[in-house]
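Chain by chain, the residues:
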Amino acid sequence: MKRNRRIKRQSHFALNTMHFAALVVSGFIMLMAYWWLDTRCSAIAQEIGAAEKGLARLDAELERETMKWNEMKTPERLEIALRQHGLDMNNPAPEQVIKMLPGGGVAPRQMSVVRAQRRNRSEVSRMVQDTSSKRTIAGKRAGKVVR
Amino acid sequence: MSGWNERAHFWLPFVALGLGACGLCVRLVMLHLDMLTKKPKSNDYTYVRDLRPLRGTICGAAGPEYPFACSAKEWEYRLDADDLLTNVTKKVMFDKKNKIPVTYSLASRLIADNLDLPLLSVMDICARRGSGRRNLFLATSMDSVVHDALAPHASVLGLKISEKNIRRYPQGKRLSHVLGFVTHNPVASVGSAGIEMRYETFLKGRPGRVQGMRTALGKEVRIKRGVDVDPQTGYTVKLTIDHNIQYQVEKALAVGVASNGAESAWCIVLAARTGAVLAMATLPDYEPENYSKFPTNDMRNCAISVNYEPGSVMKCITACAALNEKIVGPDTLINTAHNDPRYYRLPTDHGHKWDAFMTVRDAIVHSSNIVFGKLGVDVGPKRLYKYMSEFGFGHKTGVQLPGEERGNLPPVEKWDKVKWSRAPIGQGVAVTGIQLAAAYGAIANDGELLRPYIVESVTDVDGQVIEHHEKEVIGHPCRPEVAREVRNMMLGVAKKGGTARRAAVRGYTVAGKTGTAQIAYPKVGYSSTDYHASFVGIVPASRPEVVILVTYRKPVFCRRRGERYEIYNHQGGTCAAPTFRSIAEYTMRYLEVEPDLPDEIPEDDDA
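Protein sequences appear in the order of chains A and B.
All residue numbers for the first sequence refer to our numbering, where the first residue is 1 and numbers rise by one.
All residue numbers for the second sequence refer to our numbering, where the first residue is 1 and numbers rise by one.
Same shape as in the complex, but just chain A (with noise of 0.2 Å):
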């Protein structure tokens, strides 16, 4: 009796040793992961600080890029960059301007056809021919003015 009773304290003593070393390992690991966590975000937070440097750089650069981009569409530069490529244009007159009709065809009654067709020219001549031959109801009202 004596024996079992000793048996069992021994087992019992070594069940709580047991247990009390299980706990202090597990809480050392806990605290350890909680520690490379903690130093992780840390290590995270730096990184972000330096993305933000990053895109905050990005974002000034855009906007300085976007200005010279600005500036060099102004109309000036513009019509400074067309003379220099010899690509100066003018509006034309209102006697260089045919309007057509919806329906294919020339709008009568213009002072720029009868000139042109006074100059002789059989381009311009035809097609009146063709739109008289061919009016329609719609070519009433004066179309779409081709340049």
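Hints are computed from structural coordinates only; laboratory data are not their basis.
For each residue, glycine too, the CB sits at the ideal point set by N, CA and C.
It is possible that some hints are incorrect.
[Claimed, not checked] Partner residues aside, some chain B positions facing chain A, computed with beta carbon under 7 Å:
(1) 21
(2) 25
(3) 28
(4) 67
(5) 72
(6) 142
(7) 171
(8) 589
(9) 590
[Unchecked claim] Which chain A residues stay away from chain B? Per the calculated CB distances, all over 12 Å, these:
(10) 43
(11) 50
(12) 79
(13) 83
(14) 84
(15) 85
(16) 104
(17) 117
[Claimed, not checked] Listed below are the simulated DMTMM-like cross-link pairs for lysine to aspartate or glutamate, each with C-alpha atoms no more than 20 Å apart in a straight line:
(18) B:160 - B:116
(19) B:382 - B:413
(20) B:173 - B:298
(21) A:68 - B:413
(22) A:53 - B:143
(23) A:99 - B:594
(24) A:53 - B:230
(25) B:523 - B:416
(26) B:251 - A:65
(27) A:68 - B:116
Since the structure of chain A is provided, determine the placement of chain B on it from the hints.
Frame of chain A, contents of chain B only:
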């Protein structure tokens, strides 16, 4: 007992390890909670940084892709000559790999080449001694290539590079009087004129703030950041101005001022159907980025802030009043005798010899002072005052610009008998350009007076509309048929026999009126050499699209030709009408307005 000893010997190391682990954990917890470090005195390691926001964009009708004013960041380069001296003395390595020490010549050349500055002046700055050598301004630059070249060597060269927000006007002097300018101070940039001032609340944005901690070396501890508010960029203000029309208007005005030697000039292009201001220009102009280098007078927006006597352009308003009251019709004959006893001291027609009678239509075409003086008296001062007031004279139009004047329409009780016949011809009353343009807009819009507006909308950074403006009818000064009739009468002004043949636009009908008004000086009276020459026109007259007002102040009155002086083109028809034509021709094609005179080509005037 020996069993106990054995167990103790077995478990003792584990207990010791456990205790050690506990101690380590306790110390880790204390470190994490900052219980071991001394509390810094007065927050030595905390910092607060206010982030200045970018100012909002001001753009035209074409949208933010063509801004008139925008913000960006640029780098400012300053030199600490003391730092450079120290580095040169200590032979600090500029290039560690090749063992090249920094010298004055090396530093000067590098700075001068990158910042595009004269080498000698940079060398002088680098070698400066005495007071004021710690923070010497070098240049500003937006070029990232320059920054990348200088930033890595900044500490060695003694350079201080700081980034700051700037306000830029990509189109230069364009629209300077409408945009205004911004004054910079250490705290914020503040709009001080024009739209920049009027919409300061929307454009300034909202500053951000960063609050956190930094290490002893000054590096931020990102995870300790407490307050982190991003700066909010200002709102976008969209104007009704078309940048292409504005450019052409300014170009035409510059040509006009160069040819007639005017002291100043202004022009307004108004969309007839909506009241939107498509262009508004004043000469002389200034650069908003360098406003301090220009005289204050050049910054005045004459189109809204100059009160001047309009002269004969007021006659169409008088005609509207007379027709609306059914006193006369377009073809009613009026006696052109100057010494008509029924009228008190009528104005003269400056030597013109008319027929005994003239229709109201012809009176507009030839701009007869006598006929309109009589018409004004027949309408009566009270009714004429009422019509002038209903056409918007004597009140601010409410256009969204600061500094607008209200003109001067004296109360009818203060009109003497002379004014009864002078006010109808635009003498003794003062108007602003925007009032005139709006009044003619009412004639163009069949009698509906619209409020002119220059700001179309204000949107926030997310595109949400905060403020929006559109067509607003503020009055009906005359009946629609009267407005159409007056417009019809005005057609003759730009034809042969009219006072403004040079205003004729190929392919389009033009309804306009000239005005040549003497400038009145206090205690001197009306000048015989100083005039305001104006032309206001509606095009096309059959279906109005735009109203264009052009005014020149003090065009050259006479010029010397050999031994004698000759009268120069100081009148509205010779001065302002050609500018009107130039602007109208471009605007009609640009807006793709179909010609309403396809079969007629007006005769060119070679004068």
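Now the hints, each set against the structure:
no.: 1; hint: 21; in the structure: 4 Å, holds
no.: 2; hint: 25; in the structure: 5 Å, holds
no.: 3; hint: 28; in the structure: 6 Å, holds
no.: 4; hint: 67; in the structure: 6 Å, holds
no.: 5; hint: 72; in the structure: 4 Å, holds
no.: 6; hint: 142; in the structure: 5 Å, holds
no.: 7; hint: 171; in the structure: 5 Å, holds
no.: 8; hint: 589; in the structure: 5 Å, holds
no.: 9; hint: 590; in the structure: 9 Å, violated
no.: 10; hint: 43; in the structure: 9 Å, violated
no.: 11; hint: 50; in the structure: 9 Å, violated
no.: 12; hint: 79; in the structure: 9 Å, violated
no.: 13; hint: 83; in the structure: 14 Å, holds
no.: 14; hint: 84; in the structure: 18 Å, holds
no.: 15; hint: 85; in the structure: 19 Å, holds
no.: 16; hint: 104; in the structure: 19 Å, holds
no.: 17; hint: 117; in the structure: 14 Å, holds
no.: 18; hint: B:160 - B:116; in the structure: 17 Å, holds
no.: 19; hint: B:382 - B:413; in the structure: 9 Å, holds
no.: 20; hint: B:173 - B:298; in the structure: 12 Å, holds
no.: 21; hint: A:68 - B:413; in the structure: 59 Å, violated
no.: 22; hint: A:53 - B:143; in the structure: 18 Å, holds
no.: 23; hint: A:99 - B:594; in the structure: 10 Å, holds
no.: 24; hint: A:53 - B:230; in the structure: 13 Å, holds
no.: 25; hint: B:523 - B:416; in the structure: 18 Å, holds
no.: 26; hint: B:251 - A:65; in the structure: 28 Å, violated
no.: 27; hint: A:68 - B:116; in the structure: 18 Å, holds
Hint compliance for this structure: hints 9, 10, 11, 12, 21, 26 are not met, and every other hint is.
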